[in-house]
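Colleague: One letter stands for each residue in the lines below.
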Amino acid sequence: MVTLLASILFTGTAYAMVLYITAVGLSVTMGLLGIANLAHGAFAMAGGYLMLLFIGKSGMPFGAALVAACIAVGLVSVLLERLLYSRLYAAPELDQVVMSVGLIYVSVAGAQFFFGPLPHSLQLPAYFQGQPTILGNFSFPVYRLFLIGFGLATFLVLLMGIERTMLGARIRATVDNRIMAQAVGINTRRLFTTVFALGSVLAALGGGLGADMMALTPDYALAHLVYFLIVVAVGGLGSVRGPFFAALLLGIGDSACRILAPQAGAFFVYAALFLLLLVRPHGLFGRA
Amino acid sequence: MTDTVLETRELNRRFGALVVASDINFTLHRGARHALIGPNGAGKTTFINLLTGRLRPSSGSVWLNGQEITTLPVHHRVRAGLARTFQINTLLRDMTVLEGVQLAVLEHWGAGARLLGGRAMQRRAAETAYDLLARLRLDDHAGDRVSAMAYGRQRLVEVAIALAMEPSVLLLDEPAAGVPPADSHLVLDLIANLPSDISVLIIEHDMKLVFRFAERISVLVQGRILTEGTPAEIAANPVVRDVYLGTRHHG
Amino acid sequence: MTDRDSAIDRLVGTRRLRPIEALPWVIAIAAYFLLPQYLQLGTQILYTILYALSLDLLLGYTGIVTLGHAAYFGTGAYTAGLLAVAGWHEPITGLLLAMAVSGLLGLLSGAVILRTQGLALLMLGMAVTLLLYEAANNQNAITGGADGLQGVEIARVFGLFAFDMYGRVTYLYALGVLFLAWLLMRAIVHAPFGRSLVGIRQNPTRMLSIGVSVYRRRLVAFTIAASLAGLAGGLAAQTNQFVSLDALSFDMSGTAVLILVLGGPGRLYGAFIGATILMVAQDTLSKDDPIFWMFWLGLFVIALVLFVRGGALGLLDAGMSRLRKLRGAP
Chain A
4 MVTLLASILF TGTAYAMVLY ITAVGLSVTM GLLGIANLAH GAFAMAGGYL
54 MLLFIGKSGM PFGAALVAAC IAVGLVSVLL ERLLYSRLYA APELDQVVMS
104 VGLIYVSVAG AQFFFGPLPH SLQLPAYFQG QPTILGNFSF PVYRLFLIGF
154 GLATFLVLLM GIERTMLGAR IRATVDNRIM AQAVGINTRR LFTTVFALGS
204 VLAALGGGLG ADMMALTPDY ALAHLVYFLI VVAVGGLGSV RGPFFAALLL
254 GIGDSACRIL APQAGAFFVY AALFLLLLVR PHGLFGRA
Chain B
43 MTDTVLETRE LNRRFGALVV ASDINFTLHR GARHALIGPN GAGKTTFINL
93 LTGRLRPSSG SVWLNGQEIT TLPVHHRVRA GLARTFQINT LLRDMTVLEG
143 VQLAVLEHWG AGARLLGGRA MQRRAAETAY DLLARLRLDD HAGDRVSAMA
193 YGRQRLVEVA IALAMEPSVL LLDEPAAGVP PADSHLVLDL IANLPSDISV
243 LIIEHDMKLV FRFAERISVL VQGRILTEGT PAEIAANPVV RDVYLGTRHH
293 G
Chain C
10 MTDRDSAIDR LVGTRRLRPI EALPWVIAIA AYFLLPQYLQ LGTQILYTIL
60 YALSLDLLLG YTGIVTLGHA AYFGTGAYTA GLLAVAGWHE PITGLLLAMA
110 VSGLLGLLSG AVILRTQGLA LLMLGMAVTL LLYEAANNQN AITGGADGLQ
160 GVEIARVFGL FAFDMYGRVT YLYALGVLFL AWLLMRAIVH APFGRSLVGI
210 RQNPTRMLSI GVSVYRRRLV AFTIAASLAG LAGGLAAQTN QFVSLDALSF
260 DMSGTAVLIL VLGGPGRLYG AFIGATILMV AQDTLSKDDP IFWMFWLGLF
310 VIALVLFVRG GALGLLDAGM SRLRKLRGAP
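Residue numbers (the working numbering), protein chains in the order written: chain A, 4 to 291; chain B, 43 to 293; chain C, 10 to 339.
Calculated from the structure, these hints are not laboratory results. Heads up, the beta-carbon is just placed ideally off N, CA and C, and yes, glycines get one too. Treat the hints with care, since some could be wrong.
Simulated DEER-style distance windows between Cβ atoms [what the hints assert, rightly or not]:
hint, chain 1, residue 1, chain 2, residue 2, range
1, B, Pro81, C, Ile29, 29 to 39 Å
2, C, Thr102, A, Met4, 48 to 58 Å
3, B, Arg135, C, Asn149, 46 to 56 Å
4, C, Trp305, A, Phe141, 50 to 60 Å
5, C, Gly127, B, His118, 19 to 29 Å
6, B, Asp231, C, Phe188, 23 to 33 Å
7, B, Ala224, C, Gly127, 35 to 45 Å
8, B, Ala224, A, Gly37, 43 to 53 Å
9, B, Ala59, A, Ala93, 29 to 39 Å
10, A, Ala226, B, Pro81, 56 to 66 Å
11, A, Arg90, B, Ala224, 21 to 31 Å
12, C, Ser330, B, Ser103, 18 to 28 Å
13, B, Pro115, A, Leu86, 23 to 33 Å
14, A, Asp179, B, Glu52, 51 to 61 Å
Derived lysine to aspartate or glutamate pairs resembling DMTMM-like cross-links, with alpha carbons at most 25 Å apart [as the list claims (entries may be wrong)]:
hint, chain 1, residue 1, chain 2, residue 2
15, C, Lys296, C, Glu99
16, B, Lys250, B, Asp239
17, C, Lys334, B, Asp225
18, C, Lys334, C, Glu99
19, C, Lys334, B, Asp173
20, B, Lys250, B, Glu275
21, B, Lys250, B, Glu270
22, B, Lys250, B, Asp225
23, A, Lys60, A, Asp222
24, C, Lys334, B, Asp136
25, A, Lys60, A, Asp215
26, C, Lys296, A, Asp215
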């Protein structure tokens with residue numbers, strides 16, 4: 004019983020960390036830009052696939068490949084933001100949704116073309132492999148422990164960043180009241196691009212690190228879209244703090260469902276989401 | 043004896059520690075031409091929102107024609123005879139002027155929810171709408187798209203739609219706001235020619251309009267009614283002059 | 010004719026049936042005679058048009074952006090399918106029941122979903138569809154799960170016409186249903202209710218200020234849209250004699266939105282144009298190279314959103330007005 008609980012908590016938390024790192028960028032982007040970017044998962048997928056490429060073709064070590072993938076995705080995201088997304092900031096919600104669906108299709112096709120339809124997994128370096136045993140009969144993969152630690156660290160860094168830095172202050176001001184922010188001289192243009200790039204880099208980080216738990220498939224962006232959106236919707240738009248707890252709830256809840264009631268699939272997750280949004284439409288931590 | 047058509051009793055509205063309306067006791071009489079003035083941020087639009095139901099009070103009550111409407115939603119108050127215009131044009135921009143007014147007429151007649159048919163109703167409503175526009179001298183713009191019209195003219199359409207509801211009480215929120223000086227006479231004329239059986243409350247910064255139009259003026263400062271009286275009394279009141287009229291050019 | 014008369018006529022005259030509105034039916038009947046080998050695809054296009062039409066009421070006219078419309082299509086499909094599998098093979102009552110069940114689901118879910126807006130609304134709509142998908146997947150003893158519901162047998166329509174191997178009766182059956190639904194939709198959007206929906210889409214605050222219960226109108230629109238989507242789903246189940254789990258998928262919701270954007274939302278005929286273009290293109294292009302198809306569809310959709318307002322109908326409008334300018338120019 005204890006092993007079961009520990010297993011659920013452990014796996015769930017590791018999964019939650021990956022979800023958080025990947026989705027927090029989406030929360031800030033949506034809260035800041037007001038744009039519905041359903042294609043966010045494509046950046047995560049790109050991060051994972053690029054890592055695969057760098058490790059496989061160039062023989063880069065794990066860490067270097069991760070950094071390189073994040074930089075590459077960041078640069079591409081800046082390009083996409085300037086060329087595509089920025090044109091739709093004032094557009095109706097429908098246009099934004101449809102454009103991001105188009106991007107998803109392109110990403111699915113591209114991924115399948117370059118990497119084929121089968122799922123890929125990343126070979127973890129030696130220092131991440133292994134399953135030490137503690138408490139007698141509970142063993143856990145080292146990598147998952149690393150993920151939990153990394154996720155926590157990311158959360159703290161982001162929290163400090165949003166609360167203590169100038170950039171964070173500008174973000175908070177603009178999320179609160181865009182027109183006012185522009186009136187006091189915040190360069191919203193540059194802010195949007197910066198935040199979008201950061202969000203995409205985080206997504207790539209999540210995609211690369213999380214490839215162990217969320218396999219790389221061409222339809223990655225679609226397959227995980229709902230869960231990313233749940234983290235954002237439950238955590239509250241424009242927040243760095245809320246999605247962390249939302250991700251924990253979702254990650255652990257999902258793990259519990261998979262282990263305790265596998266035939267029901269994600270039914271209880273969606274039911275809980277439905278009830279939660281009914282009572283708190285702005286999420287657990289969002290503001291009206 | 044003049045009837046009271048609109049009344050608030052001890053109306054209060056707080057946002058946390060911020061008080062935007064404080065113990066407002068306000069009365070509007072039948073056929074009134076009443077103006078509400080006050081410096082920026084005094085809470086005038088908040089007060090209108092409290093009257094129309096867009097905002098719920100923290101305490102106190104609102105009464106329309108002797109009935110309490112404090113908890114009635116916006117659209118019910120409209121059906122009870124309370125119409126308003128907005129400070130910024132709130133129109134159906136992609137429709138023609140005629141259709142916008144026709145929709146208002148249909149809703150006023152209770153025919154707006156009709157799922158099927160209604161052809162004859164729509165024609166009659168279009169005729170009534172056109173005639174209303176003609177009375178307001180807007181009929182040449184009947185076929186124009188709202189978004190293609192000058193802002194000043196749009197303001198007039200805003201009033202036309204409110205009038206289509208045949209309200210007993212009309213609340214005008216800065217009708218002259220955003221209207222270029224060359225066109226402001228249109229707004230003035232329209233307001234001057236409002237039917238005398240409608241009771242009108244107008245918020246305005248334009249003192250020329252206020253003194254031409256109002257029989258009674260209330261001064262709102264920081265959510266509180268400072269004083270109330272005839273235009274002559276208000277103009278002569280030194281406290282009002284200090285608070286507001288002295289800084290007229292800031293308004 | 011006075012200015013008054015002409016202004017009023019122009020407004021009220023938009024209801025009148027124009028000759029060009031016969032075009033889709035002429036094409037549909039022509040296809041029946043000229044393209045007998047494509048009747049199965051034709052039937053699929055017909056019920057997809059109906060499905061997109063139902064979403065247009067919500068999306069195009071009322072302005073409610075939802076990615077969860079498949080819930081009602083799928084509910085209608087499974088209702089009609091399960092009814093047939095349970096032993097009731099009469100098709101028309103099957104369709105009516107499908108409409109009723111989806112309509113009820115639309116009413117109940119809409120009552121809840123429409124209290125929210127923006128992301129919450131989007132998520133709640135998706136949640137309903139996801140819940141139904143998981144339930145259908147799970148209860149595979151009843152629904153057939155991922156393999157789909159087989160053995161949907163349909164009796165003769167009106168006791169006379171049996172669904173034949175060549176799909177002739179199915180095509181005409183679907184065409185008849187679409188025609189009746191179109192009559193209904195057309196009547197609704199031109200009636201005061203339909204016009205008030207357009208007002209709600211453009212400015213809900215304004216509509217509240219003219220005494221409209223915006224929530225109630227939206228809910229009525231939602232329920233009607235759900236019923237018609239259920240009708241489309243039931244039609245799909247009966248004509249395919251099979252219900253796929255995909256009927257409840259996110260892809261199904263997304264496809265309807267795509268179709269409307271392609272054809273032009275809020276114009277009634279956008280559904281006709283969009284569904285035909287998408288499904289014909291998909292049938293020809295996607296068979297050989299599905300990756301190619303997805304890639305170009307994605308790019309096309311992005312270009313559409315960036316450069317074209319109002320889909321195919323919007324393009325047509327722009328073209329017409331340019332033609333008029335050229336003709337009218339001195």
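Colleague: If a hint holds in the structure, say so; if it does not, say that too.
Modeller: The hints, checked one at a time:
1. B/Pro81 x C/Ile29: 29 to 39 Å: With a Cβ separation near 59 Å, B/Pro81 and C/Ile29 fall outside 29 to 39 Å, so the hint is violated.
2. C/Thr102 x A/Met4: 48 to 58 Å: 52 Å, holds
3. B/Arg135 x C/Asn149: 46 to 56 Å: Given about 51 Å between the Cβ atoms, the range holds.
4. C/Trp305 x A/Phe141: 50 to 60 Å: 51 Å, holds
5. C/Gly127 x B/His118: 19 to 29 Å: Holds - the Cβ-Cβ distance for C/Gly127 and B/His118, about 25 Å, lies within 19 to 29 Å.
6. B/Asp231 x C/Phe188: 23 to 33 Å: Once the Cβ atoms are compared, 53 Å apart, the range 23 to 33 Å for C/Phe188 and B/Asp231 is violated.
7. B/Ala224 x C/Gly127: 35 to 45 Å: For C/Gly127 against B/Ala224, whose Cβ atoms are near 40 Å apart, the range 35 to 45 Å holds.
8. B/Ala224 x A/Gly37: 43 to 53 Å: Given about 37 Å between the Cβ atoms, the range is violated.
9. B/Ala59 x A/Ala93: 29 to 39 Å: For B/Ala59 and A/Ala93 the Cβ distance comes to about 35 Å; the hint holds.
10. A/Ala226 x B/Pro81: 56 to 66 Å: Holds, at about 57 Å.
11. A/Arg90 x B/Ala224: 21 to 31 Å: The hinted range 21 to 31 Å is violated for A/Arg90 and B/Ala224, with Cβ atoms some 36 Å apart.
12. C/Ser330 x B/Ser103: 18 to 28 Å: 54 Å, violated
13. B/Pro115 x A/Leu86: 23 to 33 Å: 45 Å, violated
14. A/Asp179 x B/Glu52: 51 to 61 Å: 33 Å, violated
15. C/Lys296 x C/Glu99: 35 Å, violated
16. B/Lys250 x B/Asp239: 23 Å, holds
17. C/Lys334 x B/Asp225: 32 Å, violated
18. C/Lys334 x C/Glu99: Since the Cα atoms of C/Lys334 and C/Glu99 sit roughly 55 Å apart, the hinted pair is violated (cutoff 25 Å).
19. C/Lys334 x B/Asp173: 32 Å, violated
20. B/Lys250 x B/Glu275: Since the Cα atoms of B/Lys250 and B/Glu275 sit roughly 16 Å apart, the hinted pair holds (cutoff 25 Å).
21. B/Lys250 x B/Glu270: Answer holds: B/Lys250 to B/Glu270 is near 18 Å, not above 25 Å.
22. B/Lys250 x B/Asp225: 14 Å, holds
23. A/Lys60 x A/Asp222: Roughly 23 Å separates the two Cα atoms, so the pair holds.
24. C/Lys334 x B/Asp136: It holds: about 21 Å lies between the C-alpha atoms, which stays within 25 Å.
25. A/Lys60 x A/Asp215: 19 Å, holds
26. C/Lys296 x A/Asp215: Distance ~33 Å between C/Lys296 and A/Asp215 Cα, so the pair is violated.
Hint check: violations occur at hints 1, 6, 8, 11, 12, 13, 14, 15, 17, 18, 19 and 26; the rest are consistent with the structure.
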